[in-house]
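From just these sequences and the hints, can you work out the full model?
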Amino acid sequence: MDILVSVADLKVSNQTEHVLVTHALGSCIGVAIYDPQARVGGLLHFMLPDSSLDPGRALENPCMFADTGIPRLFRECYNLGAKKYRLQVKVAGGSQVLGGQEHFQIGRRNYAAMRKIFLKNNVLIDNEDVGGCKARTLFLELASGRTWVKTTSQEIIQL
Amino acid sequence: MSLIPQILRSLKNLPPFPMVAQRALLLVNKAEVSIQELVDVVKFDPAITANILRIANSAYFGLRREIHSLNQALLLLGTQELLKIIIASGATRLFGNAAPGYFAEQQGLWRHSVSCALMADLLARELTLAEGNLCFTAGILHDIGKVVLSLFVDQKFAQIMEVVEVQGEPFHKAEKIVLGVDHAEIGGEMARIWDFPDRLRQVIKHHHLNHPESLGDEMVLLIYLADLLVLMFGQNLGREGLAYAAYPEVLNRFNLKERDLEKFLLHFGSLWDDAQVFFGLLGNDHGLQCAHRG
Ligand SMILES: [Fe+2]
Ligand SMILES: [Fe+2]
Chain A
1 MDILVSVADL
11 KVSNQTEHVL
21 VTHALGSCIG
31 VAIYDPQARV
41 GGLLHFMLPD
51 SSLDPGRALE
61 NPCMFADTGI
71 PRLFRECYNL
81 GAKKYRLQVK
91 VAGGSQVLGG
101 QEHFQIGRRN
111 YAAMRKIFLK
121 NNVLIDNEDV
131 GGCKARTLFL
141 ELASGRTWVK
151 TTSQEIIQL
Chain B
1001 MSLIPQILRS
1011 LKNLPPFPMV
1021 AQRALLLVNK
1031 AEVSIQELVD
1041 VVKFDPAITA
1051 NILRIANSAY
1061 FGLRREIHSL
1071 NQALLLLGTQ
1081 ELLKIIIASG
1091 ATRLFGNAAP
1101 GYFAEQQGLW
1111 RHSVSCALMA
1121 DLLARELTLA
1131 EGNLCFTAGI
1141 LHDIGKVVLS
1151 LFVDQKFAQI
1161 MEVVEVQGEP
1171 FHKAEKIVLG
1181 VDHAEIGGEM
1191 ARIWDFPDRL
1201 RQVIKHHHLN
1211 HPESLGDEMV
1221 LLIYLADLLV
1231 LMFGQNLGRE
1241 GLAYAAYPEV
1251 LNRFNLKERD
1261 LEKFLLHFGS
1271 LWDDAQVFFG
1281 LLGNDHGLQC
1291 AHRG
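Chains as they are written, first to last, in this note's numbering: chain A, 1 to 159; chain B, 1001 to 1294.
Hints in this document: simulated from the structure, not taken from any laboratory.
Note that CB positions come from ideal geometry on N, CA and C, so glycine has one too.
Check before you lean on any hint, since a few could be wrong.
Here are the simulated lysine-lysine pairs, DSBU-like style, with alpha carbons at most 35 Å apart [stated by the list, open to error]: (1) K120(A) x K1263(B); (2) K1173(B) x K1012(B); (3) K1257(B) x K1173(B); (4) K1156(B) x K1173(B); (5) K150(A) x K83(A); (6) K116(A) x K1176(B); (7) K1257(B) x K116(A); (8) K116(A) x K83(A); (9) K1173(B) x K150(A); (10) K120(A) x K1257(B); (11) K150(A) x K1030(B); (12) K1043(B) x K1030(B); (13) K83(A) x K120(A); (14) K84(A) x K120(A); (15) K150(A) x K1263(B); (16) K1030(B) x K1263(B); (17) K1156(B) x K1176(B); (18) K1043(B) x K84(A); (19) K1030(B) x K1012(B); (20) K116(A) x K84(A); (21) K1156(B) x K1012(B); (22) K1257(B) x K150(A); (23) K150(A) x K1176(B); (24) K1043(B) x K1012(B).
Which stretches of chain B does chain A cover? Using the computed rule of at least three CB atoms under 8 Å from a CB of chain A, they are [unchecked claim]: (25) 1228–1241; (26) 1252–1262.
Listed next, with one range per pair, are the computed distances between beta-carbon atoms [said to hold, decoys possible]: (27) V1166(B) x G81(A): 22 to 30 Å; (28) N61(A) x D1198(B): 38 to 46 Å; (29) E1258(B) x K84(A): 30 to 38 Å.
Pasting the structure below:
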């Protein structure tokens, strides 16, 4: 059963029949984490790099921003029994429009903000499909931990 | 081997522009509109009053009182808001068919067009544009050329995508290279056939900023920016993804920084759930029920 993760949203699960899915990432980033032993996984779809843009909004919905959404994703998976050292981390999204080298860089800034948070917390990314101008839908299958991306041109990429 | 003759021939079979939207268009930006004028517009389509009431009562407008009549809606929302609903509702007819050249989903083009209209509306308010009232409509109709060009793009999709990937061209330029014409030009042609107001036709024709003079036209720039922000936001993305050219001139013109763009996206993200009621307009024609009062 597909469990939909909307924009600025996260879902966690330990039900093996669940597939977490988030549709059509543009400059947003999808973060999928999975503990193969506990069979616990979570998927976050965050929109913007930094909650200092609007702290009030971040309180209402932490999933809007990388710096408030990512810690929450990990915490909710720990609550279901996941252990940090076992977590597999896969990310997708962060696209850019063409020629936006100096402007329109929200995709890249989202990615940079996420890397900074991972670095500070000693989290390694196992695999990623980021950047470029593709639109991606990200899937995480709870039974297996299999994570994959489908682009709008129907290409499938295993992560 | 140009497809232009074939494409132009398909314009001959263009359906008429929906009467209700046509009449409503003439009232946009008019200083005073009477309730009788509005009644005269909506009487051409009995479904429209129901749509108006549903949207007016949705969480998107967040009114405290339940609205039961056109008259009440006019009082509480104001003429220009009401006209936006009427135009969106009237235009759905044009979006009934899938546009497989551009979108994998049946309602992809409609959803993209509504998203762009809502974003344009938001930007027009933030940037206090003189022609602000027309921006929502321009957003709904900016990609109307895709309705006609879709089948041709679908036929040549691999070739067009190759130009995007190998030469790094934005998708609309690749359309022009492969087909000899792009959806903005075709849209401009449709606007001429349908006798749209000049300003609207110009925005449709130039929304990809493929004409140097368009860089000086604020409404064109605003629709361009709305389109681009909607792609960045994601969700109803087309097969071309974000293969869209970035023009930093737009930021200078409106005196915007990257952080302003982030704020627009944040704002848009906050109204996203409530705005779903607009997407539902298309489903109505096929008898789908939408939730009343979000
Ligand atoms: Fe376009
Ligand atoms: Fe568009």
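Here is what the structure says about each hint:
Note on K120(A) and K1263(B): the hinted pairing holds, with a Cα-Cα distance of about 26 Å set against a maximum of 35 Å. The suggested pairing of K1173(B) with K1012(B) holds, with an alpha-carbon distance near 24 Å, which does not exceed 35 Å. About 27 Å separates the Cα atoms of K1257(B) and K1173(B), which keeps this hinted pair within 35 Å; it holds. Among the hinted pairs, K1156(B) with K1173(B) is consistent with the structure: their alpha-carbon atoms are about 14 Å apart, no more than 35 Å.
Taken as a hint, the K150(A) and K83(A) pair is honoured in the structure, with Cα atoms around 28 Å apart against an allowance of 35 Å. For the hint linking K116(A) to K1176(B), the alpha-carbon distance of about 42 Å lies beyond 35 Å, and the restraint is violated. In summary, the hint linking K1257(B) to K116(A) is supported, as the alpha carbons are separated by about 23 Å, within the 35 Å threshold. Our distance criterion of 35 Å between C-alpha atoms is met by K116(A) and K83(A), whose separation comes to about 21 Å.
Our distance criterion of 35 Å between C-alpha atoms is met by K1173(B) and K150(A), whose separation comes to about 25 Å. For the hint pairing K120(A) with K1257(B), the CA-to-CA distance comes to about 28 Å; that is within 35 Å, so the pair holds. Restraint check for K150(A) and K1030(B): not satisfied, since their Cα atoms lie roughly 47 Å apart, outside the 35 Å limit. Restraint check for K1043(B) and K1030(B): satisfied, since their Cα atoms lie roughly 20 Å apart, inside the 35 Å limit.
Of the supplied pair hints, the one linking K83(A) and K120(A) holds, its CA atoms being roughly 18 Å apart against a limit of 35 Å. At most 35 Å may separate the alpha-carbon atoms for a hinted pair to count; K84(A) and K120(A) meet this at roughly 14 Å. At roughly 29 Å between alpha-carbon atoms, K150(A) and K1263(B) fall within 35 Å of each other, so this suggested pair holds. A distance of roughly 31 Å separates the Cα atoms of K1030(B) and K1263(B); the hinted pair therefore holds under the 35 Å criterion.
Distance check on the hinted pair: K1156(B) and K1176(B) sit about 12 Å apart at the alpha-carbon level, within 35 Å; holds. The straight-line distance between the Cα atoms of K1043(B) and K84(A) is roughly 63 Å, outside the 35 Å bound, and the hint therefore fails. Restraint check: the Cα-Cα separation between K1030(B) and K1012(B) comes to about 32 Å, which is no more than 35 Å; the hinted pair holds. Distance hint between K116(A) and K84(A) is fulfilled; the C-alpha atoms sit about 17 Å from each other, no more than 35 Å.
For a cut-off of 35 Å, the pair hint linking K1156(B) to K1012(B) stands: about 22 Å separates their Cα positions. With a CA separation close to 32 Å, the supplied pair K1257(B) and K150(A) stays within the 35 Å bound. For the given pair, K150(A) sits about 27 Å from K1176(B) by alpha-carbon distance, which is consistent with the 35 Å threshold. Our distance criterion of 35 Å between C-alpha atoms is met by K1043(B) and K1012(B), whose separation comes to about 28 Å.
Three residues within the 8 Å Cβ limit are the bar, and the stretch 1228–1241 of chain B against chain A gives 12, so the coverage statement holds. A count of 4 residues in the stretch 1252–1262 of chain B with a Cβ less than 8 Å from any Cβ of chain A is obtained; the coverage claim is therefore met, three being the minimum. Against the hinted window of 22 to 30 Å, the Cβ-Cβ separation of V1166(B) and G81(A) comes to about 48 Å, which falls outside the hint. Distance hint check for N61(A) and D1198(B): the Cβ-Cβ separation is about 42 Å, which falls inside the suggested range of 38 to 46 Å.
A hinted range of 30 to 38 Å for the beta carbons of E1258(B) and K84(A) is consistent with their spacing of about 33 Å.
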